[in-house]
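So the sequence lines, in the order shown, correspond to chains A and C.
If you read the first sequence in the working numbering, its first letter stands for residue 34, the second for the next number, and so on.
If you read the second sequence in the working numbering, its first letter stands for residue 34, the second for the next number, and so on.
Treat the hints with caution; some may be incorrect.
Note: identical chains are not told apart, hence a pair may lie in one copy or across any two.
[Stated by the list, open to error] Once the Cα atoms are required to be at most 27 Å apart in a straight line, the calculated BS3-like pairs of lysine-lysine come out as:
{"id": "1", "residue 1": "590", "residue 2": "578"}
{"id": "2", "residue 1": "257", "residue 2": "172"}
{"id": "3", "residue 1": "367", "residue 2": "315"}
{"id": "4", "residue 1": "363", "residue 2": "257"}
{"id": "5", "residue 1": "367", "residue 2": "257"}
{"id": "6", "residue 1": "212", "residue 2": "367"}
{"id": "7", "residue 1": "53", "residue 2": "578"}
{"id": "8", "residue 1": "578", "residue 2": "172"}
{"id": "9", "residue 1": "212", "residue 2": "80"}
{"id": "10", "residue 1": "514", "residue 2": "367"}
{"id": "11", "residue 1": "257", "residue 2": "315"}
{"id": "12", "residue 1": "501", "residue 2": "257"}
Note that these hints are calculated values from the structure, not bench results.
Number of protein chains: 2
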Amino acid sequence: MPTYKAPITDVEFLLNDVLKLEGYNTLGSFSDATPDLVSAIVAEAGKFAEEVMQPLNQIGDEEGCGFDNGKVTTPKGFDQAYRQFVENGWGGLSADREYGGQGLPQVIGAIVNEFASSANMAFAMYPGLTHGAYTAIFKHGSDEQKATYLPKLVTGEWSGTMNLTESHCGTDLGLMRTKAQVQEDGSYKITGTKIFISAGEHDLTENIIHLVLARIEGAVDGIKGISLFVVPRNIIAENGTVGENNNVSCGAVEEKMGIHGNSTCVMNYDGATGWLVGEEHKGMRAMFTMMNEARLGVGIQGLAASEVAYQNAVEYAKDRLQGRSLTGAKFPDKPADPIIVHPDIRRTLLNIKSFNEAARAFILWSAIKADVARWGEDEEARTAADDHMELLMPVIKGVLTDTGFQNTVAAQQVFGGHGYIRESGMEQFVRDARIAMIYEGANGVQALDLVGRKLPRHGGRALMGFFKEIDENLARIKDNKELDFVHGPLKKGREDLEKATMWFMSNGMSNPDNAGAGSTDYMHLFGLVVLGLMWLQMAESAQEKLDLSKGNTDFMKNKIITAHHFMQRLMPETAAHLARIESGADTMMSMASEAF
Amino acid sequence: MPTYKAPITDVEFLLNDVLKLEGYNTLGSFSDATPDLVSAIVAEAGKFAEEVMQPLNQIGDEEGCGFDNGKVTTPKGFDQAYRQFVENGWGGLSADREYGGQGLPQVIGAIVNEFASSANMAFAMYPGLTHGAYTAIFKHGSDEQKATYLPKLVTGEWSGTMNLTESHCGTDLGLMRTKAQVQEDGSYKITGTKIFISAGEHDLTENIIHLVLARIEGAVDGIKGISLFVVPRNIIAENGTVGENNNVSCGAVEEKMGIHGNSTCVMNYDGATGWLVGEEHKGMRAMFTMMNEARLGVGIQGLAASEVAYQNAVEYAKDRLQGRSLTGAKFPDKPADPIIVHPDIRRTLLNIKSFNEAARAFILWSAIKADVARWGEDEEARTAADDHMELLMPVIKGVLTDTGFQNTVAAQQVFGGHGYIRESGMEQFVRDARIAMIYEGANGVQALDLVGRKLPRHGGRALMGFFKEIDENLARIKDNKELDFVHGPLKKGREDLEKATMWFMSNGMSNPDNAGAGSTDYMHLFGLVVLGLMWLQMAESAQEKLDLSKGNTDFMKNKIITAHHFMQRLMPETAAHLARIESGADTMMSMASEAF
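Take these sequences, add in the hints, and give me the full structure.
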């Protein structure tokens, strides 16, 4: 049976030693986030994930969601765990106090989210989607909508969803057919069918608040005719009580590869009453608010799957006796050595570990930027933080889920044949992690978003800001001999990234296919450089502690080893990405479609 | 619903234009394999795979194998399809005529095997394992054993299995506990429990012939005390009729990630009567005969999964309308362009295509070597062919299954959310392909076999032979300007392979962990160079045809484009592999086990 232990020590190291959370305590939500409070919350979140959510993970996978005549039932134990989740107030951690939340920084929410997703990804999606709906209404809804929906979404009494996809339109939302007809009272009748709606229907909450993209009758074709609506499954009376069904029904629950514990629904809107959120025909902008948050959440899922798979692979590698060390028996009294003595197993595990720890730093760093974008002291700081978020969101989503999935496969491999058997739980991590590469914008779309939209935005301001930041970091450690092992490879990676960017500037304008052909490689090249930067900062912090003989020296030494592994084994890939990017689009575009 | 079309044209190109099968027609089994006969067999095999096996693939996955009190039932339709398979004589294609086979070259068997595995991997495993058992008895069994078992294995009336793994011992077979007690009549009583036995019990044949590794009582510990036994499930009377059960029973069928249509069994031997195959305590040698053939078969599964996943992704990419080409609408009359206009989709598809076609060449080339190893005109030719097989078998198994699996994931990604839904069939390809990286020696073990055993064997003779072959090929095209695009990247890849080999020679002797730490990268580096060599030969053949304006010029032009893509997009990875290899083992070995 798989196990999970929340990586508390690593989180504390990041918050206190690397990202230095205390330095932000003059800013809005951070002021209450004292180290003691944060420590207590992180510890409690870990415990909840380990003790309440994780034990339901395999059950949820085996049992899946039931569907009977429109009713959806979640797997055994989910409702009870959800009630505990709600009663403990986990849903409102980083929600606004005005609506009953605890008003803590988003970075705390990101930590809790990682633990929850490692423990039980399918379960964690229910409150995850609710928080996305909260954010969309919080940012774009009217005061009345906020008053109606937010308190109940914060408590978790109601849950939320995002309704974008239709069977013929996923990435290309301009093809959308769901329509909205305005009524005399200013509300709309929503009619259409949405598919792949996560948590679209279930038995955990008394109401489900759907955020639905639709086209107002008469609106222009394409993406510019799309508006966002809030459509409660059940009508809400003026006094706030939940009334009858609002012509919203679940037509089916999909049979899918994984995340069986989360209901993926076909949703039918049959003249359901909805209310416009934000402006007419500006639905995409509002939806992107939700999407950006969802993409951070999906990036976290990539890390979370990689982390829990890693932990189980480590345990197996320490326990499983098979063969002898290549340099002679390490445990001659046992029938064989544990397989963790084998370099190929260590290589596998350190590949994952060195990714996970940098990915976690990347997420927490970015979540702090999200907080700074809102609460930052001046506009310059807020703009820089917003630039960071916009530029790096596709990298977080695309790279962390691609690599996170690969890592679940690698961790499964450590188990040999036992990893293919369901009981080990390893194959579930693979199946669950697979969706994160697809939903909230398939990773190829993330790559195109990065190259086509985010790079040129504001004349490349965000990218220049990123290069400046990495150069400052490199300059700071330039003469630090103990960090030479970071400086060289990261500088090389940064140069590869610059060359790739220059290549796009020279060749992507004249032929956009050149940018498209290199976009996925560029995203991964970018990701390696960001993760390398995270390792620079972690290694620097660890080295400082070691030089002062402060704190847990074993922990700090292992950070240095892990940083070293990343530089030796993961960074060399930047050159291969660059070579592929520079090969351009001509060859692939020269093949006739029918010749594939 | 997924579809499958056997890649007949590609196979014909390889046999006739690239590998020039006719050139072998003076050798044993090849003499009857006239081009017309081969064409007819290949076409029939394709038809059988497409029409009989493929339609059962999703049913097999959904239904899985039933287990009731020791009885195992295969999914609906499998028994009927198996009877057709047997009646058409597919099982005996490359089996010896003396035992009722058709005596055709193994290369024909490899082709049929690819088609069958693409169409229905779980189904194809039943006859696949039978053929492995046939080969082990054919090569190591006594005349009496051959007479008893081979004819029925060739017709498919009986099936066969390999029994190696026990719950505590997979890779390290020296830990084996199953024991054999000699009886007065020279037979043995076999007692023990084996796990992960593919096709261990089922309802397709009247008898199942188990080949079982066990330790004869009193034998030395470890691998040198292991012997191979043939243990029929049912006792065979002298007149050949099948009698009562031989104390062999199936204890359970595993719940696993994929290949649900194939029964993965726990097998209990409770004093079952077995007969020694080959010499006492030389079981591993005999088993390796079977393993080598099985590894070729598993490499074929990697290609087969990649091929069928590719075909379905291509169809989807041509049909699915979403977004517009980056260079302007290609189908302005349609609501959107098919996604095959997008460079990132083409990149994905061509990565797979350029791998598949080279992998197929690699397999057929190697299967011919297996034939030459047996039938070659002189000892030199036979030795060279055997060297090839020994050296490259871990590369075929490890690289084709690792990359084949990755390709199923990439093909699934083309479908977006629809690929995550079971109905599309794409996620089944991923789940089925996953096992091929694990069984018949996990890929990490293949890498270690390559680096630790196959490279140094006979003083590196096989590797030197391989370098000589690639150098002759490079020299032949050196002045061919049209093939410059192959020559440069392949020469660079070959140099990286040589540098990696030299690095092992300098650093692996003093510290074997350095070899272990680089083994997986070395295997993949090797694989890229071999596949690059295949592209050299395919591009050369295609260019010859084009220069002569002979044959299907579109086909030949597309070969050149695909070769070009391989050189631009897949070969650059050799440098990253080399860099990782040269980083050695020190970092990864410096971490304490408890720090992972």
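Going through the hints against the structure:
no. : hint         : verdict
1   : 590 with 578 : within (10 Å within a copy, 61 Å between copies)
2   : 257 with 172 : within (20 Å within a copy, 71 Å between copies)
3   : 367 with 315 : between (68 Å within a copy, 25 Å between copies)
4   : 363 with 257 : between (66 Å within a copy, 21 Å between copies)
5   : 367 with 257 : between (69 Å within a copy, 19 Å between copies)
6   : 212 with 367 : between (69 Å within a copy, 21 Å between copies)
7   : 53 with 578  : within (14 Å within a copy, 66 Å between copies)
8   : 578 with 172 : neither (42 Å within a copy, 64 Å between copies)
9   : 212 with 80  : neither (45 Å within a copy, 47 Å between copies)
10  : 514 with 367 : neither (42 Å within a copy, 61 Å between copies)
11  : 257 with 315 : within (7 Å within a copy, 74 Å between copies)
12  : 501 with 257 : neither (36 Å within a copy, 63 Å between copies)
The structure does not agree with the numbered hints 8, 9, 10 and 12 stated previously, though it agrees with the rest.
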